[in-house]
Structure formats: C-alpha cells, structure tokens
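Participant: Based on the hints, put chain B in the right spot on chain A.
Note that the protein sequences, when read in sequence, are chains A and B.
Quick note on the numbering used here: the first sequence kicks off at 1 and runs consecutively.
Quick note on the numbering used here: the second sequence kicks off at 331 and runs consecutively.
Quick caveat, the hints were computed from the structure, so don't treat them as lab data.
Treat the hints with care, since some could be wrong.
[Claimed, not checked] Simulated restraints on C-beta separations:
(1) A:183 <-> B:556: 27 to 33 angstroms
(2) B:453 <-> A:208: 53 to 59 angstroms
(3) B:638 <-> A:306: 31 to 37 angstroms
(4) B:465 <-> A:161: 42 to 48 angstroms
(5) A:215 <-> B:580: 29 to 35 angstroms
(6) A:130 <-> B:420: 27 to 33 angstroms
(7) A:131 <-> B:407: 24 to 30 angstroms
(8) A:130 <-> B:556: 52 to 58 angstroms
(9) B:397 <-> A:153: 18 to 24 angstroms
(10) A:134 <-> B:403: 37 to 43 angstroms
Note that beta-carbon positions come from the ideal geometry of N, C-alpha and C, so glycine has one too.
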Amino acid sequence: MTSTSAHEERDTSALRERLSGAVSQLAAAGALIVVFVFLSFASSDFLSADNLFNIGSQTAVVAVIAIGMTLVIITAGIDLSVGSVAALSGVMGVTLMVNFGLPVPLGILGGILVGAIAGLVNGLLVAFAGLNPFIATLGMLSVARGLTYISTGAAAVFGAPDSFRLLGQGVLGPIPIPIVVIVVVAIAGYVVLARTRLGRYAYAMGSNLEAARLSGIPIKRYLTTVYVIAGALAGLGGMIAASRVNSGQPNYGLGLELDVIAAAVIGGASLFGGQGTVVGTLIGAFLIALIRNGAVLLNVDIFYQSVIIGVVIWIAVFWDQYRRRLAASE
Amino acid sequence: MSRLLLPAALILALALAASCGAEVRESGGGKEGGGEDGPVRLAVVPKAIGFDFWEQVRIGAECAAETSEGEVQTQWDGVTAETDVTGQQSLLQNFITQGVEGLVYAATDARVLADVSEQAIDQGLTVVNIDSGTEPQPDEVPVFATDNVAAAEQATKLLADELGQGGGKVAFIPFQPGTATNDTRDEGFKNVMDENPQLELVAEQSSESDYNTALQVTQDILTANPDLNAIYAANEPGVLGAAEAVRQAGKAGEIVIVGWDTAPDEIAAVEEGVVTALVAQNPFRMGYDGVNAAVQGIREGTPPEGGDTGSILVTQDNLNDDEIQAVLDPSCDDPPTQTS
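So that you can see chain A by itself, here it is in the shape it has in the complex (with noise of 0.2 angstroms):
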C-alpha cells in the first residue's frame, strides 16, 4: 500500500517536473515570437528570406554548442571551456589543412577530435579527480586559449582550401548548411536525451547525484561522457566559426560561453541539474540571435545591446528560479 503511494508520489512529481519543463519552454517561445512579430514591424528587412537564413546561420555556432552545453547542465555541471576550446579546434583543425595537407572533412573531424579531448581532460577532472566543474572548465578555459596562442604565434591561420566555407557558408538546396547542422545536432541531442541510457543517466544524476550513485549508474565514465560530448560539439561550433571566415582566429569566441551558457539557461536549462531539453535551448540561442540581429538592423545603440542581453538572461534566470519555487510551494 505505502509503496504504491510512494510510486504514485513519483509519477505526479515527475509529471510535475515535465510539466514545469514545458513551462517554461512556452515562455521563453512566447518572447521568440514576441520579438520575431516586433522586428517584421519594427525593420522591412527582416522578413526577407536571405535575412532568415543569414539568422540561422548565425545561431549556429551557439546552437550547436549550447546542445552539448545543455547536456552538461543537465547533470548540474557547466563548461565555461567552450569558447576557448572552439577557437583551439578551430585553429587546429584549419593548421591541419593548411600545414600538414589533410583534406578538408578530416581537417574538420580533426578539429572536432581537439574538441573532444579537451572535453575528455573536462571530464576526468570533473568525474575522476573530484574538481568543482566550475573549476574544472576554468582552468581548461585558460589552457585552451594559451595552446591556441602557442599553436598558432597568437596569429591567424589563414589560407584554407576554398572547399572548407563549406561548413559554415554552402547551401544544400536553399538551405544554408549551418542549419543543416544544427537540425542534425539538434535531433541527435533529442535521441540522447530522450531515448538513450546517457540521457536518462544525466538526468539522473543532476537531480540526486548520491541517488543516482545509490542506484548503480556508473556515475564517473557516464559524466566523463558528458563532457567529452560538450567538448567535441565545441569543436563542431569552432570549426563552423572558422569555415564562415576561411581562417583560424585565435581570438574567437572570447565571452562565447555566455552566449552559450545563456541559451541553454532562457530555454529552461536549471543551473541545480536535472533539467534542460533540446528544442528549449534551440529557442533560447535563437532568441539570442533575433536580438542581436534585431539590435544591428535597428542600429541600435552599441553599448544597449550589452544591456538587453544581459536583462534577458537576468529575466530568464529569474522566472527559473520563481516557478522552481512555485512548484516547491505547491
């Protein structure tokens, strides 16, 4: 009898959770279209097809990596790395192509394998030798940008085949290829999520890590896993970054990991673990991307358009934490 109860208590809280989960994707829907609807009115220009695709183009690089990035809150971890590891995999993977000859695609895999391995040396840390994640990806947030000053002489690699703009400029039909990518990206971060014993587990282990310890998962190989994903999806982002300019800069993606970290926590991401879904963080780096476009469409005031990111991430850290304690109350 009290063990149906307590099933039954389960089911409601974590029908609760999703429901909560939901809530908060329809919110931060509702200021995507609450903008989108504003710049048709506000700018002619915005609705012209070219101006779309260049959006999504755009959001890429955040897109892309604010899946990883979700997967990683999700298990109450955060990875500040991403912006250095991105410019690290974006200028290993272009001096693969340019000085040592390798064709583009596996110029390109070889940056996502940079990526990776600095997600995998993020996850021992984390997972291994007990490192706060925050200080875990600190230190590799520094690392990573000094190996791509000393791998470069602190200047940009340029001279790529012509073939890598691919990645971040071709079209497949009408469809700019970064969308390609993040449609992709976006689907399999679904599968992980939804369906695979890794997305449970990181669920899991965010919302209780002793629980989840407790109940046999395996909890430093998955969580090591987590990290080498975000990693390696730093390095897609990276090497999208660096096709959309030919060249490997070692100065991109300085403060990228606000971008990033941002998309996730407007799409309804929780800072405390255990929360986050795919199309929320979609939302959340397209909402980013609209103001920025919007901002310089409207030419909108340079220093503002620090300002307005910084009060929506401000908004939707608030509503966060508000319904976390309308359904704590309830």
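Facilitator: Using the frame of chain A, we list chain B on its own:
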C-alpha cells in the same frame, strides 16, 4: 639513499636559485653603475597578443635590441584581450617588481595605465609608450604612435573621392568604443563625414575586434541597407569581416571598403578588388623606435622625444611599391624606419 638524495637535491636547488638571483642583481647593476656595457633589461608589452599588428611590433622591438650597441634583453609578454585592462596593469606591475630597467608598452586604457607609468618612474624605470599613450602623459614618457586622427581623415577623404559628387550611404565598423585608438579613428572619420554632407552615415556597429562578429554585423547592415555604398572599418577584424560579408553578398567591387591595418588577407582583399584602401601603420617602427628610446633613456638618463611613426594608404596601384612592401613585410635587414 633517498634520505640523502632529497636534502642534496634541495641544497642544489637552493644554490641554483641563489646563483640565479645573483645574476639578476648583476644585470640590474648596469643601470646603477650607469655604465654602457651592462645588459639592459626591457619589458615590451603590447595591448594584446594574437594579432599580426603586435607581432610586427615584436619584430621591430627585437630588431632594435639586436642592432643596439651593447647588450639589450627584451622580454615580450602581453594579455590575451585588448579589453583586459587590469590584466595588463598587473603584468606591468609584475615587471616593475621583477626589476626590469625599462617598460615599453601600449596602454590598453589611457587613464588606468597612467598610474602604472607614474609608479614605474618613481621606481627609477624608463618608460616609453607605443601605439597608445596615457592620460595624463608624464613628461618623461615619450609616445611613438600613428597620428590616428590624421590617418583616418586621409582614409575617409579617399572614400569620399571614390563615391564622387553623388555621395552615398556609409557604414562604420568600430571595434572597441571608448578606447583611445578606436575613438581617434572615429574622430578623423567623422570630421571628414561632417565636411561632406553628401555622405550619410546609416549604421555604426562594433566588431568587438572579432572577425566572426564583424562578418555578422556587416551582413545585418547589408540587410538593413541594401543600397549601401561604402564601409569604413577601424581595424583588422572589421575589414576582414566587412570584406567577407560583401563577398558573400555578391557585391564585391560595388561597395567601397576603406579600413585599417594590413593583415595578409586584408592585402589579398585589396589585390582582389574587394577592399579599396587600407591604412598601413608602421608597427615595426613603433617597436623599433620604442626600444631604442628606452635604451637611450636608460643609458643617458632621459629618453628622446616621441613622434608620429607614420602611415600610408595602400591601394591596388601602389601595393607593390618598394616603400609599401618594406612596411608590410618588415625585416631587420632593411628596417622601414623612414616612412612619414
């Protein structure tokens, strides 16, 4: 055995440390003695590492150190972002503590770094500013820099000439509003814009000194202003991003791009015809003149006066002239120290 090894190693380490310490003091002694023979130790600090421009400053600084009479040791170090003002402040203070005799540096922030210069002078160091000075600028600290306002005016006049009597719509890509370098390039640009009412400034968006950001904002500016006629970009990432956006929009050659700096891909864009003109500064000469001035200051007591290190507009027509090539690809064998 290991019980013996550890103390032995410790003693050895201490002895090494002591001898190194002695060495440092010795080289510092050159200054106190005022002798001409002791090695001079200088710290050369750019605004940031990571750009071609600062690499050329380094080549110039090292060239001056190599060709100087007597031994000159330069230490090159910098923060990773031009916005990291406190980072640069700490770095310079560390150099002062470490006991270098001279600081040659480009100030990331005019006001904050003024204190550091004062502190260094109080400690008896010789200080020289390159590229960007401080406010106030101490009398003892010469500045070797480009006259940004004059060079920006020259570039914008060329832009106005290219657009002709009809004028047109112009976009401006600054990189770090609030900094002296950015704002003086802004000032020169706006001076000429004001003199030419046929030119209309339709957009002003920062590249944040990032190629990708510059590409994005230029794409968006082109979306909002399909009839844009010209772009003025205030540094390397801005020019590269503007050129790439114009290229991708299929408007290469239709839109006049005038900008700053001369990274390899910027030069390639001039050859290609996407970029009309680039302001070539002479970073080599900043490093070169800066180090020479510091050495003179340390050896003779007072450094020489600072000066304009000069700039040239690089276009498709003059790109291959010897004078331009000496500035673009400086070497210590034929240092470009005479351009005006």
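Participant: All hints are to be evaluated individually against the structure, with a verdict given for each.
Facilitator: Checked hints:
1. A:183 <-> B:556: 27 to 33 angstroms: For residue 556 (chain B) against residue 183 (chain A), whose Cβ atoms are near 29 angstroms apart, the range 27 to 33 angstroms holds.
2. B:453 <-> A:208: 53 to 59 angstroms: Given range 53 to 59 angstroms: holds, Cβ gap about 57 angstroms.
3. B:638 <-> A:306: 31 to 37 angstroms: Roughly 34 angstroms apart at Cβ, these two residues keep to the hinted range, so it holds.
4. B:465 <-> A:161: 42 to 48 angstroms: Given range 42 to 48 angstroms: holds, Cβ gap about 47 angstroms.
5. A:215 <-> B:580: 29 to 35 angstroms: violated (58 angstroms)
6. A:130 <-> B:420: 27 to 33 angstroms: The hint (27 to 33 angstroms, Cβ to Cβ) holds, given that residue 130 (chain A) and residue 420 (chain B) are roughly 30 angstroms apart.
7. A:131 <-> B:407: 24 to 30 angstroms: The hinted range 24 to 30 angstroms holds for residue 131 (chain A) and residue 407 (chain B), with Cβ atoms some 28 angstroms apart.
8. A:130 <-> B:556: 52 to 58 angstroms: holds (56 angstroms)
9. B:397 <-> A:153: 18 to 24 angstroms: Since the Cβ atoms of residue 397 (chain B) and residue 153 (chain A) sit about 23 angstroms apart, the hinted range of 18 to 24 angstroms holds.
10. A:134 <-> B:403: 37 to 43 angstroms: holds (40 angstroms)
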